[in-house]
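*Asks:* Residue numbers (this note's numbering), protein chains in the order written: chain A, 1 to 254; chain B, 255 to 476; chain C, 477 to 696.
Hints listed in this document are in silico derivations from the structure and should not be mistaken for laboratory results.
Among the clues, some could well be false.
Stated by the list, open to error - Subject to a maximum C-alpha distance of 27 Å in a straight line, what follows is the list of computed DSSO-like cross-link-like pairs (lysine-lysine):
no., chain 1, residue 1, chain 2, residue 2
1, A, K132, A, K22
2, A, K169, A, K210
3, A, K117, A, K132
4, C, K636, B, K345
5, A, K120, A, K169
6, C, K636, B, K304
To be verified - Here chain C is said to cover these stretches of chain B; the calculated rule only asks that three of the stretch's residues, wherever they fall, bring their Cβ under 8 Å from a Cβ of chain C:
no., segment
7, 394-403
8, 416-425
Everything numeric in this text was worked out from a predicted model, so none of it was measured.
We put the CB at the ideal spot given by N, CA and C, even for glycine.
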Amino acid sequence: MTTPVLEITDLHKKFKEIEVLKGVDLTMATGDVVSIIGSSGSGKTTMLRCVNLLEDFQQGSIRIDGEEIGYTAAPERRRRKESEIARQRSMTGMVFQQFNLFPHMTALGNVTLGLTKVKKLPKPDAIAIAEKWLERVGMAERRNHYPGQLSGGQQQRVAIARAIAMNPKVMLFDEVTSALDPELVNEVLNVIKSLAADGMTMLLVTHEMKFAYEVSRRVVFMNQGRIDEQGAPEEIFRNPQSKRLAEFLKNAKF
Amino acid sequence: MGYQLNFAPVWRDFDLLLSGLALGIGMALVSVLLVGNLIGLVAAFAMTSKSATLRRIASIYVTTIRNLPIYFLMLVAFFVLPQQLGVRIDKVHAFVGTLSIYAGAYLTEVYRGALLALPKGLREAGLAIGLTESQTRIWVIIPVMVRNALPALSNNFISLFKDTSVAAAIAVPELTFYARQINNNTFRVIEVWSVCGLIYIVVCYVIAAALRIAERRLAIPR
Amino acid sequence: MDFARFFADLWTARFALLEGVGMTLVISVLSIILGTILGIGVALSLVYGGRIQRFVVRVFLECVRGIPVFVLILACYYLLSQAGIQLTPFQAGVVALTVFCSSHVGENLRGALLALPRGQTEAAKAIGLTFRQTFVYILAPQALRQAVPAWINTAAELVKASTLLSVIGVVELILTTRQIIAIKPRPLEFYFVAGMVYFLICFSIERLGRRAERRLALPS
Chain A
1 MTTPVLEITD LHKKFKEIEV LKGVDLTMAT GDVVSIIGSS GSGKTTMLRC
51 VNLLEDFQQG SIRIDGEEIG YTAAPERRRR KESEIARQRS MTGMVFQQFN
101 LFPHMTALGN VTLGLTKVKK LPKPDAIAIA EKWLERVGMA ERRNHYPGQL
151 SGGQQQRVAI ARAIAMNPKV MLFDEVTSAL DPELVNEVLN VIKSLAADGM
201 TMLLVTHEMK FAYEVSRRVV FMNQGRIDEQ GAPEEIFRNP QSKRLAEFLK
251 NAKF
Chain B
255 MGYQLNFAPV WRDFDLLLSG LALGIGMALV SVLLVGNLIG LVAAFAMTSK
305 SATLRRIASI YVTTIRNLPI YFLMLVAFFV LPQQLGVRID KVHAFVGTLS
355 IYAGAYLTEV YRGALLALPK GLREAGLAIG LTESQTRIWV IIPVMVRNAL
405 PALSNNFISL FKDTSVAAAI AVPELTFYAR QINNNTFRVI EVWSVCGLIY
455 IVVCYVIAAA LRIAERRLAI PR
Chain C
477 MDFARFFADL WTARFALLEG VGMTLVISVL SIILGTILGI GVALSLVYGG
527 RIQRFVVRVF LECVRGIPVF VLILACYYLL SQAGIQLTPF QAGVVALTVF
577 CSSHVGENLR GALLALPRGQ TEAAKAIGLT FRQTFVYILA PQALRQAVPA
627 WINTAAELVK ASTLLSVIGV VELILTTRQI IAIKPRPLEF YFVAGMVYFL
677 ICFSIERLGR RAERRLALPS
């Protein structure tokens, strides 16, 4: 039985007094593409952000390739050192809704930064890898452009290259097309689809139901801090079991 | 060291400090609130007017004054001008005049910014209902402009009020002048300067709070 | 106005005037450099410091910003000698102007740092950068760029504030001018010359500043 690449167990998180995650369990094997759907406030983005410890969590554990993320194993449960956490973060790659490219660096610069400063690769190697991935997302020609000179879709593709160039074990996508103009959405979705086809392990939070249906191996429906239902896209979208999910899908006009 | 804190000499002359403060506030009110704002408004309109000459004059005024130190301007107003014009000018008048012209330059920039930020349709709407250019300016443009500019005006007023301290250098009897006098008479340096500083800090804080309330009261409801 | 005589007087006074200008520049440059360094420390304390540190620095900042720079100069001049630190008027003046400068630089830089979108820090974390790396490569470059116009403004303010040092006896341009006028009574002419010098210095700072801004601006 191989170690799952991502294993979330009994994840609990509180924001001040409000419990946002009420015990979430999720397992992913290498190559899995899992989409998380649900209404705002269901906790899906929060859960995603726990995986790379942009949010901390009070109870439960997250393991990437068997390694405990953020905290040492129970019962000790000590928060790891910041340098340790930084290293663990480089095992995942995250693409944000607002792109968050570094505006003072070119597309190439954005991608090579992690490679040179975190992975400590020599500059020529970093550039080679960066150029390969920029090519892969279709942005090779604009590698010397600054984010301010790029459209939203182009920026997001560079953001994908920046995350994936770090060779992460899991790619995390946080509603990456929600901030894009409609005509730019497809260029990004197509890149993600082709990366999935290449076997990249992905965890996506998305509102694009059709996309989730097409690209995922498994779909997870979250509601009020818990996973209500999960299964193959066919099951979830065509044959929802829970009432909440059915209602959600009706409103989402799938 | 043997320096014993003794605030008594300062308290004894506290009324002097307060009278100095009153003069400072008075000068600020006249120079900045009254004259400075007037100059600022006029020059702001001049800078955005259609007449190139007006624009040029206002621009030269603003650029020149903003690049000169107020201490320098005050010395010119007090030492050079009277001699050239052959009249005797009272110190306080000289300073008030200087601060007015100085304030005007800074307030022009504030008003110009506020003017440029107004939607173009505002003036046109005024004209469209039959108001003359002047009427539009007085009843439509200026009220909106001033309200939008209030935060910047507040900041400038406080800053210019602090500039009244420079008058002490030509023996205008304001707060800093008396503080220095007490310092030289009693050598209670820590006491007098901490009190003087505290007065300025408190007054600035109070003015800022008062202006913030005024801003909120006058703000255009959103 | 007798131009020939004036220029003769001006020529005689040239060394004194140049010294005065030099002193003004030395005061300004020294205060700007020291003040900026201190100001960076202030900003870092306010943004990243612990509670006590932030409180202390905030109190210091509010006090410095609440008093006029003239009072700051006088206070430094009188207080420091009382505290047993024997400083020349020049040194006391530079200390005062440094503190003044640091308060402005500190507040501006703090504003610039806080204005950076949170997403920048998150993206940096997401690729595994440590806090130090995030600050050096992502936050500082952007914040400093933002802070340049305000810094240029502060520099010009410092040059103008240097005139107040003449009151405590530092022989910069204003005091030099007054001394010259005491010997060769041509107040209008000499003050005009001094005014032109100040104007040129401040105007150039502004111009250089705008050029620097344009150079630093990111292509869009």
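*Asks:* Confirm or reject the coverage of the segment 416-425 of chain B by chain C under the rule of 3 or more residues with a beta carbon closer than 8 Å to the chain's beta carbons.
*Replies:* holds (count 7)
*Asks:* Does K22(A) sit within 27 Å of K132(A), going by the straight-line distance between their CA atoms?
*Replies:* Violated - the C-alpha atoms of K22(A) and K132(A) are around 41 Å apart, more than 27 Å.
*Asks:* Check the hint pairing K169(A) with K210(A) against an upper bound of 27 Å on the C-alpha distance.
*Replies:* Given pair K169(A), K210(A) holds - Cα atoms ~26 Å apart, limit 27 Å.
*Asks:* Do three or more residues of the segment 394-403 of chain B come closer than 8 Å to chain C, measuring C-beta to C-beta?
*Replies:* violated (count 0)
*Asks:* Quick one, are K636(C) and K345(B) close enough, alpha carbons at most 27 Å?
*Replies:* At roughly 21 Å apart (the allowed maximum being 27 Å), K345(B) and K636(C) satisfy the hint.
*Asks:* Taking 27 Å as the top limit, are the C-alpha atoms of K636(C) and K304(B) close enough?
*Replies:* Measuring from Cα to Cα gives roughly 33 Å; hence the hint is violated.
*Asks:* Below or equal to 27 Å on CA atoms is what counts here, so check K117(A) against K132(A).
*Replies:* Given that 27 Å is the threshold and the Cα spacing comes to 19 Å, the pair holds.
*Asks:* With the threshold set at 27 Å, check whether the alpha-carbon distance from K120(A) to K169(A) stays at or below it.
*Replies:* Roughly 18 Å separates the two Cα atoms, so the pair holds.
In summary, the numbered hints that this structure violates are 1, 6 and 7.
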